[in-house]
Amino acid sequence: MNQRHHVIILGAGIAGVCCAREFVDRGFKVSLIESGPAAGVQGATAAGMGHIVVNDGDPEVLRLCLRGRELWRERLNEEETDQSYWRSGTLWMAEDDSQMEALKGALGRLQSAGVESELIEGERLFKVEPALARDLVGGLRIPHDGVVYAPKVTANLWNELEQVESYFHTAVVEIGDGWVQLANGSRLAGDAVIVATGISLLDHFTGAAGEWARQFPILPREGHLAITARGTRILGHHVVEAGYQKGAHQVSEEAVACAILPRPTDQLCLGSCRRPGRGGPVDAQLLQRIIDRCERFVPGVSSLPILRTWTGSRAATSDGKPLIGPMPGLKRTWLLGGFEGLGITQAPAAAELLCQRVLGEACILDPGAWDPARMRSAVVGRLHG
Amino acid sequence: MGDRVRIQVDGATIMVESGMTLAAAMMMSGLAAMRRSPGGDPRGVLCAMGSCHECRATVDGVRGVKTCMIEVKEGQKIERDQPLGLASLEAKIDRSIRTVEFDLAVIGAGPAGLAAACAAAELGRSVVIIDESIRPGGRIWSYRHEPPLAARSWLERARQAGVQRLQGYTVYRGQPGELEVAGVTDGNRVRVICHKIIVATGARERFLPFPGWTLPGVVGAGALQSLIKGGLDVRDRTLLVAGSGPLLLAVARLANESGARVTLAEQASFADRSGLAIPLLLSPSRWRPALNLWNALADVEKSSSSWVKEARGDGRVEEVVLRTPAGDRVMAVDGLAVGYGLIPESRVAAGLGCDLDESGAVRVDAHQQSSIPGILCAGELTGVAGNEAAIDEGLIAGIVAAGRNPQSRLLARVRRHRFWGQALESAHPLRDEVLQLATEDVIACRCEDVATGDLSGVTSFREARLIHRLGMGPCQGRVCESSPICQRLTGSDTIRPPWMVVPSGLSTRVSQVRDSE
Numbered sequence: 001m002n003q004r005h006h007v008i009i010l011g012a013g014i015a016g017v018c019c020a021r022e023f024v025d026r027g028f029k030v031s032l033i034e035s036g037p038a039a040g041v042q043g044a045t046a047a048g049m050g051h052i053v054v055n056d057g058d059p060e061v062l063r064l065c066l067r068g069r070e071l072w073r074e075r076l077n078e079e080e081t082d083q084s085y086w087r088s089g090t091l092w093m094a095e096d097d098s099q100m101e102a103l104k105g106a107l108g109r110l111q112s113a114g115v116e117s118e119l120i121e122g123e124r125l126f127k128v129e130p131a132l133a134r135d136l137v138g139g140l141r142i143p144h145d146g147v148v149y150a151p152k153v154t155a156n157l158w159n160e161l162e163q164v165e166s167y168f169h170t171a172v173v174e175i176g177d178g179w180v181q182l183a184n185g186s187r188l189a190g191d192a193v194i195v196a197t198g199i200s201l202l203d204h205f206t207g208a209a210g211e212w213a214r215q216f217p218i219l220p221r222e223g224h225l226a227i228t229a230r231g232t233r234i235l236g237h238h239v240v241e242a243g244y245q246k247g248a249h250q251v252s253e254e255a256v257a258c259a260i261l262p263r264p265t266d267q268l269c270l271g272s273c274r275r276p277g278r279g280g281p282v283d284a285q286l287l288q289r290i291i292d293r294c295e296r297f298v299p300g301v302s303s304l305p306i307l308r309t310w311t312g313s314r315a316a317t318s319d320g321k322p323l324i325g326p327m328p329g330l331k332r333t334w335l336l337g338g339f340e341g342l343g344i345t346q347a348p349a350a351a352e353l354l355c356q357r358v359l360g361e362a363c364i365l366d367p368g369a370w371d372p373a374r375m376r377s378a379v380v381g382r383l384h385g
Numbered sequence: 001m002g003d004r005v006r007i008q009v010d011g012a013t014i015m016v017e018s019g020m021t022l023a024a025a026m027m028m029s030g031l032a033a034m035r036r037s038p039g040g041d042p043r044g045v046l047c048a049m050g051s052c053h054e055c056r057a058t059v060d061g062v063r064g065v066k067t068c069m070i071e072v073k074e075g076q077k078i079e080r081d082q083p084l085g086l087a088s089l090e091a092k093i094d095r096s097i098r099t100v101e102f103d104l105a106v107i108g109a110g111p112a113g114l115a116a117a118c119a120a121a122e123l124g125r126s127v128v129i130i131d132e133s134i135r136p137g138g139r140i141w142s143y144r145h146e147p148p149l150a151a152r153s154w155l156e157r158a159r160q161a162g163v164q165r166l167q168g169y170t171v172y173r174g175q176p177g178e179l180e181v182a183g184v185t186d187g188n189r190v191r192v193i194c195h196k197i198i199v200a201t202g203a204r205e206r207f208l209p210f211p212g213w214t215l216p217g218v219v220g221a222g223a224l225q226s227l228i229k230g231g232l233d234v235r236d237r238t239l240l241v242a243g244s245g246p247l248l249l250a251v252a253r254l255a256n257e258s259g260a261r262v263t264l265a266e267q268a269s270f271a272d273r274s275g276l277a278i279p280l281l282l283s284p285s286r287w288r289p290a291l292n293l294w295n296a297l298a299d300v301e302k303s304s305s306s307w308v309k310e311a312r313g314d315g316r317v318e319e320v321v322l323r324t325p326a327g328d329r330v331m332a333v334d335g336l337a338v339g340y341g342l343i344p345e346s347r348v349a350a351g352l353g354c355d356l357d358e359s360g361a362v363r364v365d366a367h368q369q370s371s372i373p374g375i376l377c378a379g380e381l382t383g384v385a386g387n388e389a390a391i392d393e394g395l396i397a398g399i400v401a402a403g404r405n406p407q408s409r410l411l412a413r414v415r416r417h418r419f420w421g422q423a424l425e426s427a428h429p430l431r432d433e434v435l436q437l438a439t440e441d442v443i444a445c446r447c448e449d450v451a452t453g454d455l456s457g458v459t460s461f462r463e464a465r466l467i468h469r470l471g472m473g474p475c476q477g478r479v480c481e482s483s484p485i486c487q488r489l490t491g492s493d494t495i496r497p498p499w500m501v502v503p504s505g506l507s508t509r510v511s512q513v514r515d516s517e
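So the protein lines, in turn, are chains A and B.
Just so we're aligned, residue 1 is where the first sequence starts under our numbering, counting upward by one.
Just so we're aligned, residue 1 is where the second sequence starts under our numbering, counting upward by one.
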């Protein structure tokens, strides 16, 4: 492909807009199609907490997170981004010695990957975060993690892009090899189609691609969040319980874990939970369990005034890893999604990687780990074995 | 009457009259600026009825208390703009929830709610009224010492019929059959189990942003009424009452009778309002009140086709630019009260799932039944038509909720009231000039300090909210939603809990306490 070629991107969430930027920077003609009214106001971009965290669960995942975090640090400036980026750092909290051991393991993996991180034990924990419950045994601090307010960051990135042809309020009904059929009857064709539509990622394929999509569907995982009034930022870090990662890896069960994210607007975002679902009405009992869990780690947090509550949905894949690469069976249509809870962290890196693959450039990360075609064998084996 | 109590504001002791609302007491003591906005501007009371949250402060250690909704108390401690200290988190809030059970829960103790509760209770139903204010009566019958004559008979009937009240409680979450409510001063929780619900949450004022409207001392028209009834002394103060609608007349009358020097400015033209002559002639019961009102306003300077273009002042309103048919006039004032009519307060009903019409009013049938079985609505939230309509609709709702059929005479009366309400509405059309007062720098969302110019080019509510933070503060959009800039936005947000921000979060269990160091 060269600069005269035309790239069609579906979805103006954080992934789609990051991807648009990669192609625009290289001088391509880009069209962006979005069902909602604007960039950054739908899906997980709009509903998510907005954490930038490096996840050490898997070396490939860690590399993707690190590259994403690095790109955010290059692109965003704490002073200049209108309260939408803040390098708060993450503090993983251990309730008992076994969790502390797990955090020590994580520390080893992070440090051998060159990630600045430290264990904090005993009284020092409460010097770092005085609001924490006194019976916690320690924590793992990752100082360069951060917080973005994803809708605003996405909108800002979008506004910086010039000469992107945009179609808002535009629904897609079918996706083919290098073309999309729109609900308004028209069809757009390009040299590459990139699908970045979150939980709808695989909804509109037919034929062999549709068959693959049915076999390895996107599994929407609902979350609930609440946000406190201004003037309540009693934490300096994004504090997360060590057990969070366990919950994040259970695809079918309901899991609740404390994750409290201080926002630059002097508010706290309280989460989190995971269960199958596309983001329906707020479930009062579930929200209660989340707030109770937060209260266990930060006593008093449940008595702060809550302004709003909402639900949203993360797009998970059957093997828990994102899909960054060609749609199996198609040559000109590519997938960018399935990030589960790490979309905001990983989006710039995933967009960069996908663009490099589409253009046949040298890839900064190993593309094989994310190729959708990986689902052909391993997972079938797991599901049927 | 006349007892004095001591309260402490930011450590300084001040003496105030007992029975006052805290907001009125603070304004009387020269503390019109109650907090700072996110951008650092001073803010004070706007609505004085618990909608706008602009007057919130930390009261006796509880953050986010609306000072307009509580009464002064001996020894009360008020802190303005206090950063949240961990020590205050340890002030343990009792989140245990008690459960009460009734046949019928009525939300709102204004004319509609009181009438509904009386009608159902007199038919043998067990009834509880949940009301956010200090005392029953709603905005129109609010009082400090003695309820007004019109309210007294309803309060007496309610007492005799055994109507229970949760006074000073806000409904923040619920569903048909169950409501959760929180005390406005302490966040104490009650779960109300009920077979039926009558929502009678009335109306709130329509605010149209203009340059200077965020200055302390600029309040709603109805807000001035509430503040005076809440004890604000306006003797010898120069007040401008402006905006639109019949409420201005009642407010100007009260301010005038309370000793203020009042000027009244109505944006509608005399010609527009003369359209009311025929409906008034057809409605003899309104002749005497209209004549009384007219006489009471004899010595008040009144002008039509006049509106406030700008308010100015250093830290609080000091002068106003009034546009009159004779040109701009700069007036020195001690206070400015501006309201552009009323809009239905239908959030709780919407949260319960009731259908709304395009004006934001709840759709009800002739028996005041909403689209959700078991939920009835009565009064201004079904369409603004005045307190006679509210009373009759309340009676109908109460009778229907008790399983009886209302008399056709009562139903006919409501139809006539609605006709009058529509005549009033069409006699006060908003002129383009007042809809265009919000220039680029004028704040559109007071909670989050979003300027009108920030929203240029924005077409949808989602974008305005998520990207620009319009309506993302504690008023949840109640103030900005009626402004012209929002009227052109497409889409709307779903109503999710909390339906009203309450001081102590959403949790309803006793929490653990941080160990002392």
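Hints were generated in silico from the structure; no laboratory data involved.
Keep in mind that this is a model prediction, so the values were computed, not measured.
Hints are not guaranteed to be accurate.
[To be verified] Covered, in the sense of this in silico footprint (three residues per stretch, anywhere, with C-beta under 8 Å from a C-beta of chain A), are these stretches of chain B:
(1) 366-373
(2) 455-468
[Stated by the list, open to error] Among the chain A residues that face chain B by a calculated CB cut under 8 Å, a handful are:
(3) Ser35
(4) Val128
(5) Pro130
(6) Trp179
(7) Ala226
(8) Arg230
(9) Ile234
(10) Leu235
(11) Gly236
(12) Asp283
(13) Gly300
(14) Leu307
(15) Gly329
(16) Leu330
We put the beta carbon where it would ideally sit given N, CA and C, even for glycine.
* Asked: For which of the previously enumerated hints does the structure constitute a violation, in increasing order of number?
  -> 1, 3, 4, 6, 10, 11, 12, 15, 16
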